[in-house]
Amino acid sequence: MNIYKHELKMKIRSVIAWSLAIALLIFIYLSIFSSIAVDAKLLNEMMSSFPEEFLIAFGMTDMDWSTILGFFGLIFLFIQICLAIQAANYGFSLVSVEETDLTADFLLAKPVGRTKIMTSKFLAAITGLTITNLVVWISSFVFLRMYSDGGQFETKPVLYLLLSIAIFQLFFLTAGMLISLLVKRVRSVTPFSMALVFGMYVLNAFGGMIGEDKLEILSPFKHFEPNYILKHAAYDLPLAWISVAVIVISVVGSYVLYSRRNIRSAV
Amino acid sequence: MSVIDANNLTKYYGKARGIIDVSFNVDEGEIFGFIGPNGAGKSTTIRLFCSLIFPSSGEVKIFGKDAIKYGPEIRQDIGYLPSEVFYYDRMKVIDLLKYSASFYKKDCTKRLYELAEIMELDLNRRIDDLSYGNKKKVGIVQGLLHQPKLLFLDEPTSGLDPLMQKKFYKLIREENERGATIFLSSHILGVVQKMCSRVAIIKEGSIVDIQDVRTLERDNYKKIHIVANEIEEKRFDLPGVIQLEKENGAVSFFYKGDINRIMSAISEQEVSDVTIEEPTLEEIFMHYYE
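Chain order of the listed sequences is A and B.
In short: position in the first sequence from 1, add 183, done, that's this note's numbering.
In short: position in the second sequence from 1, add 906, done, that's this note's numbering.
If you are wondering where the hints come from, they were derived from the structure by calculation, not from laboratory data.
For clarity, every value in this text was computed on a predicted model and none was experimentally measured.
Note that beta-carbon positions come from the ideal geometry of N, C-alpha and C, so glycine has one too.
Be aware that one or more of the hints could be misleading.
Each computed BS3-like pair below joins lysine-lysine, with the alpha-carbon atoms no more than 30 Å apart [what the hints assert, rightly or not]:
id	chain 1	residue 1	chain 2	residue 2
1	A	LYS299	B	LYS998
2	A	LYS188	B	LYS998
3	B	LYS1109	B	LYS967
Footprint (simulated), chain A over chain B, 3 or more residues, beta carbon under 8 Å [to be verified]:
id	stretch
4	954-961
5	980-988
6	999-1011
Beta-carbon label-pair distances, calculated as ranges [claimed, not checked]:
id	chain 1	residue 1	chain 2	residue 2	range
7	B	PRO1068	A	ALA200	39 to 47 Å
8	A	HIS415	B	GLU979	47 to 55 Å
9	A	THR373	B	SER1112	40 to 48 Å
10	A	ALA349	B	ASP1067	47 to 55 Å
11	B	ILE1182	A	THR373	54 to 62 Å
Isolated chain B (complex conformation) (with noise of 0.2 Å):
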């Protein structure tokens, strides 16, 4: 069954773009990954799932539903996390937890002790007190605490330091062999590589692939920098270079096949210093980011 079911989704600001003509399924139990540059319409396609703002035109079911016309049912099931977090500044934690607990009807308060305690948060501070990071684990509890049957990650680790990051994907991680289906949006790649199955790449409010994360995988360029004192770059126009650049003694391209070949190339030739990197987003994506 899809959890999320997009169809021809568009929406625009007045005249501004937001996201045109997007259409996809998230399947039950999946961790889908969204991944695009900043101002793609990441954070639109997630608010227009919570209902927070409305398209211009297409629609959305969540669970099989209208997610305009049964939003507050649809939403007991759904926790939200929002890339960037604010809340009421004169809260205490605890006190806003409850509060976000006192909307849903299951009793939630062992969840938010565990969840709590799992963030490392001090439920007895005040929210204005809070340093980015640790609001940010306040929104983690709140999206959790109801025990979702689907998440909306928005750039969900912003903010956090590699020891959390870690903690909270091994959360959402156990959150999903619980049942629950995850929508994680995000500009790292790694993130989305780790996590997910699928992955959607949106460009400039439009969806231009769905694809399976370990053919993503294997169709991955490389990214190769080879400095040597004398070096021909023409010894590197092979299949699958692309992007071949010579500048200052050194050549630098992406590469996508065997690796066995590029590297018997490489050692045709007296160089000082070679790198072989994962490319950034915008290079893996570069084909359609062109």
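In isolation and in its complexed conformation, chain A is listed as follows (with noise of 0.2 Å):
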């Protein structure tokens, strides 16, 4: 318990700037909808003329212009971008940042096996996640009720987006802790974050671009693509158990790892 608490007063200033940069965002975009609804028509026109492959490259097909959920739907994807890199800064330092900061010998030292250190340090991880979660929730429902005509929009599609963002992030989360584990060392979290995230995001994007589909089914932002679930009120199966089957391999593969991990020493 001690080591949860520690590292979520380590964590807690990160997860209030993320949370709330994702609800400004969120705030932002959709406070801009209803000028942008007075053109929808126009827009809807406009995007019909784009490639086919530029449009799946952002995120924009089967998009409405003209519906608050079909704007919320292309926005999503920035959200999802910004809960990815979260996640996965999460998930890269986990147990890497002892290791780049020379605190493994400290903490390592102590009378605590390497399994319930990382158990504390997941759960913290994930309660640091489930706070920016949750804010996204809120902001969401708060927002879309301010700005949708009316107040009124179709809630069950948005219940099936927003439920999308927990198995999201712990892909991000753990993915990057397996991968901090994989490599000798992580002397930076940023580089490897954002080529996992934006690794992710340019195989779901391009990959329909360029006709290679294969590679595409690894990304999560495939298995949850907004624009789907806010259509069919539905997930993408089985594609969206892909996720959760990296999920359960990061894990094993993290716990695995780390019990048997020679620990740096500073000189």
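Since each chain sits alone in its own frame, please combine them into the complex, following the hints.
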């Protein structure tokens, strides 16, 4: 419990910053919807003249500019990217930060097993991500109500979309964790998490474009494509199960690797 | 009873050598010195004892229990002061120490404040505002606050001023008198000489000798340097003299044996200066390191 508390304390500022930033993002985007909706017909026409590949790349297929949910589908992609970067940052730094900051000698010489350390840190990261998740839920509903026409919108597809966040976050958290333990050393977290997040984004965005759609099934951006979920009020099964499988494998792999890891010394 | 029982401990980092086939015992209540030049494998050995790294082969038992299998249980009674100290920069000293104390079953609060006072540690400063020496003090308090039965000290006094070093060694002696076993690694011979009863000498990853410190001292070479206008180095070619060298009207050599014999040999000469000093670590272990 002490490690969990400590970890959460170390993270809380970052959690708040991410949560506020994402809430602000939702607010700003949704607040401009009303001015866009006026020209929705024009935009829809314009979009249909764009090549299909372009629309895929920016998550704008099946998108309807005239409804707030259509618009929400587009901006949710940006929210997903933010959530993914946050989760990947936490994942990559989870245990590696102790080695980069050289505090592992302190922590691991304490009377506590590696499994317990890992579990405490993992739970602390999940707690942090869940706080952000809740903020996304609240701000989505509040701002959707505020800026939709007459405060009305279909809630079921939105619920499905927001429910996907937890799995989406876990994918990047656990994948980051596993990769950080597979490499010898994580000097700096940002390049790793950027590579993972935008790698996955590109797999989905440009996979369809270059006609190579085998790789995109690895990407959670594909598994939880906002437009698909909003349109069908359902998940793209069995694709979404791939995310779950990756999470399970990453968690198991991380525990195994960490319990055997040789901790580098300062000198 | 052996507190540490290392058996054929070997560690390779990939192809790089850590330690090779290291075996020794440390008895309860002993202050055991571990000495060797940088890169000889001292830290590797201690890190194996703390299960920070895992051996390529061999095993180590601490308090009679396997160090990996019973790691968390064993570490309740271990204090570890790494050679380089790093802590969570954004924390205050007191928060770090309380965090450290929270891992142990017993209440360490009283001892925490006692130690902080002895080491003159300002508890309200942030870790990243501390100098290296002050961080080392945090390390010392953090390693001792749970009154461990076994202490691993890896180059403990680097970065501490002489006054603090003295306080530190006094503290360690007190811990020892209380019953704690001390494992002290250093490349400074004087420290080991002063503190330890036995010493293991490590060279390029292997233990070359384990000796009683008193025996070591008795068998010690003196480093003698003589300056004179006209001097014949052959006069000093006596039994017990090694590495006799002449350079610019000065003679230097190492001598082991009855000090009176060499004194009379020197007094027969017209000399302008004589220095007799303790050899450095490399010199004293020269027969190990040749």
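**Report entry** Those earlier numbered hints the structure runs against, lowest number first
**Finding:** none
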